[in-house]
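Once you've looked at the hints, dock chain B against the given chain A.
So the protein sequences, as listed, match chains A and B.
Mapping to the numbering used here: the first sequence position 131 is 131, numbers consecutive.
Mapping to the numbering used here: the second sequence position 73 is 73, numbers consecutive.
Calculated from the structure, these hints are not laboratory results.
Careful: at least some of the hints might be erroneous.
Within a straight-line C-alpha distance of at most 20 Å, the following computed PhoX-like cross-link-like pairs (lysine-lysine) qualify [what the hints assert, rightly or not]:
#, chain 1, residue 1, chain 2, residue 2
1, A, K253, A, K199
2, A, K25, B, K139
3, B, K139, B, K108
4, A, K25, A, K4
5, A, K222, A, K199
6, A, K25, A, K48
7, A, K111, B, K10
8, B, K10, B, K306
9, B, K167, A, K47
None of the values given here were measured: they were computed from a predicted structure.
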Amino acid sequence: MTMKKVTYRQAINEALFEEMERDPKVVLFGEDVGTYGGVFKVTDGLKKKFGSDRVFDTPIAEAALMGAATGAAVAGLRPIVEIMFMDWIGIAMDQLVNQTTMIPYIWEGIKVPLVLRTQGGSGSKGSCQHTKSLEAWIYHVPGIVVAMPSTPYDAKGLLKSAIRNDNPVAFIEHKMLYPTEGEIPEGEYTVPLGKASVKREGKDVTIVALSKMVVESLKAAKELEEEGISVEVVDPVTIKPLDMETIAASVKKTNRVIVVNEAFRTGAVASDITAQIQEQCFDDLDGPILRVTAPDVQIPYSPALEQFWLPGKDKIKQAVLASLKR
Amino acid sequence: MSEVSLSREKLVDMYRKMWLARHHDVWVEDMKTKGQIMGSMHLATGQEAVSVGACAPLNDDDYTMHTHREHQQLIAKGADIGKMAGDMLGKVTGCARGKGGHMLLFDKDVHALGACGIVGGGVPVAVGYAMAFKVLGTKQVALTFFGDGAANEGSVHEAMNFAAVRKYPIIFLCENNRWGLTCPQHEQAAVEDLADRARGYGIPGVTVNGNDVLAVYEAVKLAVDRARAGDGPSMVECQTWRMRGMGFGDTMEYVPKEYLEEGSRQDPICLFEKKLVEKNILTVEEARAIEAETKKAIEDAYEAAKNAPNPDESVFWANVYAAEIC
Numbered sequence: 001m002t003m004k005k006v007t008y009r010q011a012i013n014e015a016l017f018e019e020m021e022r023d024p025k026v027v028l029f030g031e032d033v034g035t036y037g038g039v040f041k042v043t044d045g046l047k048k049k050f051g052s053d054r055v056f057d058t059p060i061a062e063a064a065l066m067g068a069a070t071g072a073a074v075a076g077l078r079p080i081v082e083i084m085f086m087d088w089i090g091i092a093m094d095q096l097v098n099q100t101t102m103i104p105y106i107w108e109g110i111k112v113p114l115v116l117r118t119q120g121g122s123g124s125k126g127s128c129q130h131t132k133s134l135e136a137w138i139y140h141v142p143g144i145v146v147a148m149p150s151t152p153y154d155a156k157g158l159l160k161s162a163i164r165n166d167n168p169v170a171f172i173e174h175k176m177l178y179p180t181e182g183e184i185p186e187g188e189y190t191v192p193l194g195k196a197s198v199k200r201e202g203k204d205v206t207i208v209a210l211s212k213m214v215v216e217s218l219k220a221a222k223e224l225e226e227e228g229i230s231v232e233v234v235d236p237v238t239i240k241p242l243d244m245e246t247i248a249a250s251v252k253k254t255n256r257v258i259v260v261n262e263a264f265r266t267g268a269v270a271s272d273i274t275a276q277i278q279e280q281c282f283d284d285l286d287g288p289i290l291r292v293t294a295p296d297v298q299i300p301y302s303p304a305l306e307q308f309w310l311p312g313k314d315k316i317k318q319a320v321l322a323s324l325k326r
Numbered sequence: 001m002s003e004v005s006l007s008r009e010k011l012v013d014m015y016r017k018m019w020l021a022r023h024h025d026v027w028v029e030d031m032k033t034k035g036q037i038m039g040s041m042h043l044a045t046g047q048e049a050v051s052v053g054a055c056a057p058l059n060d061d062d063y064t065m066h067t068h069r070e071h072q073q074l075i076a077k078g079a080d081i082g083k084m085a086g087d088m089l090g091k092v093t094g095c096a097r098g099k100g101g102h103m104l105l106f107d108k109d110v111h112a113l114g115a116c117g118i119v120g121g122g123v124p125v126a127v128g129y130a131m132a133f134k135v136l137g138t139k140q141v142a143l144t145f146f147g148d149g150a151a152n153e154g155s156v157h158e159a160m161n162f163a164a165v166r167k168y169p170i171i172f173l174c175e176n177n178r179w180g181l182t183c184p185q186h187e188q189a190a191v192e193d194l195a196d197r198a199r200g201y202g203i204p205g206v207t208v209n210g211n212d213v214l215a216v217y218e219a220v221k222l223a224v225d226r227a228r229a230g231d232g233p234s235m236v237e238c239q240t241w242r243m244r245g246m247g248f249g250d251t252m253e254y255v256p257k258e259y260l261e262e263g264s265r266q267d268p269i270c271l272f273e274k275k276l277v278e279k280n281i282l283t284v285e286e287a288r289a290i291e292a293e294t295k296k297a298i299e300d301a302y303e304a305a306k307n308a309p310n311p312d313e314s315v316f317w318a319n320v321y322a323a324e325i326c
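Excised from the complex, chain A in its bound form (with noise of 0.2 Å):
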């Protein structure tokens, strides 16, 4: 297979362009999407090539986008709906948890196929109003599918099942990972949701990380390599439904675990991974499950103060080294 090197960007926009290009019932809208191509540039290009009745820019209104997407979704549409800041989910959340996943449960028959792209994470210097991530409060919610990708190819293949499937999709992307670049096939391909990617082998400690937080502890795993010690890095890519069967596998053959995953650190997503990884891989854990998370401390802007926010490549290799008694 020829492959070719893309950005996390690029491979987002190529699914969305060849989904639409797929099934005219798929419409992209939200806040600055169309003749702008969004805030990240991830929607360049969009709105040219299939015109402002399939691809538009909204009020600044996320309660009324969200509602419109799961509406639009029950009457035959695919729309695939952005809300520009993670941190204004609140304004929709109450669309998604009492509208969006409650319909095909309670109204029987009926489906809501939509993909809710939107984007998290800090590092951006954009103080806490635009860099939170708070995929654990849609997490929380039954119903709805969770995708967290780290890579371009997981982004695209990712994002080209979610937009065919006809359960909601919450598409989760990660700000700083936008400029990062990989490596995708030329052609058509998809990743399918709820599949977990062993990212790196290893033999003496398993790291499960979300998002940016696999490319961190990447890092680490590189490093720690030099000092002797095997980490395996899974990433679950979809964070609901849980791949446990290959998280419990790495942990069967580790027998060591950290849970990384950038969000505050009470109910975070990384707490409740912690949870079922205990319950169901007991016997097979040489000591207790580590959390490398931020702390539950509002994300401040100066560069000199969100340093201690940050989890990154340093701290999940302490939380390594603390496992392993080192």
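Relative to chain A, chain B alone:
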């Protein structure tokens, strides 16, 4: 009262639906009093002209979104009363197989999609229905009911502005019974006619007597024609009287006696019947026969629902995800 300009068949159908709606809410109120229905209950006894007048200009394939005081709205749209009774009693014979109960009724066969227990929560979803109709080029329209209480919700404001900007085929039907929960309208809004707000969205708005079924019909018909012609949304405010409490068990001490007396004088079924008899469309005997026949239809539906089976555990687990994930 407005002049009669519809076929005899249509007028009698409207009259019949008003009685069905009336008997329904009187019947379930009685069952509730006897402890035969669990959960909360919001009754619209005396508001029949709004539901029937609003749904009469719609086609079967037009979509409606309803409120939490919605039984009569679904009956007006032509929902199956047997299935509705099943849902009201939590039985497997309901459209939702008993999952939704009184506040989440729906009937997809007549595109009544559906009721919403979150005040104002359904309005953005209805905008999505209209979005789909416009993008897919069907000539369907959406009509969303909402109350005077919901009129002050952010989601309703967002939805109305969004639909107005995009010129979606939707009718915003404000059923103004002058009480939001237990507070009078003047404590919740600084305008008397909520349709005045339409001007702020750049769409037509009209206020009509919600106890005059023909006035409601005529106003909604104009709005439906406008939407179907591609001219965008309208708001129709129907001012009516809430003759029951906020919910069942509300003793209504806060409601002035004069308000209830005026509401009784303005009984929509009496007003409509008087008109039909005066115009020789209906004899008094025929009217009494319809009154009796519709009462029996409601009784039969609830008797059947009482004896219907409960949902089993398979229903509990069904459609958490309505489609395969991978």
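Hints and how they fare:
no., hint, result
1, A:K253 x A:K199, "holds, 15 Å"
2, A:K25 x B:K139, "holds, 17 Å"
3, B:K139 x B:K108, "holds, 18 Å"
4, A:K25 x A:K4, "violated, 29 Å"
5, A:K222 x A:K199, "holds, 12 Å"
6, A:K25 x A:K48, "holds, 17 Å"
7, A:K111 x B:K10, "violated, 34 Å"
8, B:K10 x B:K306, "violated, 32 Å"
9, B:K167 x A:K47, "holds, 19 Å"
Hint compliance for this structure: hints 4, 7 and 8 are broken, all remaining hints hold.
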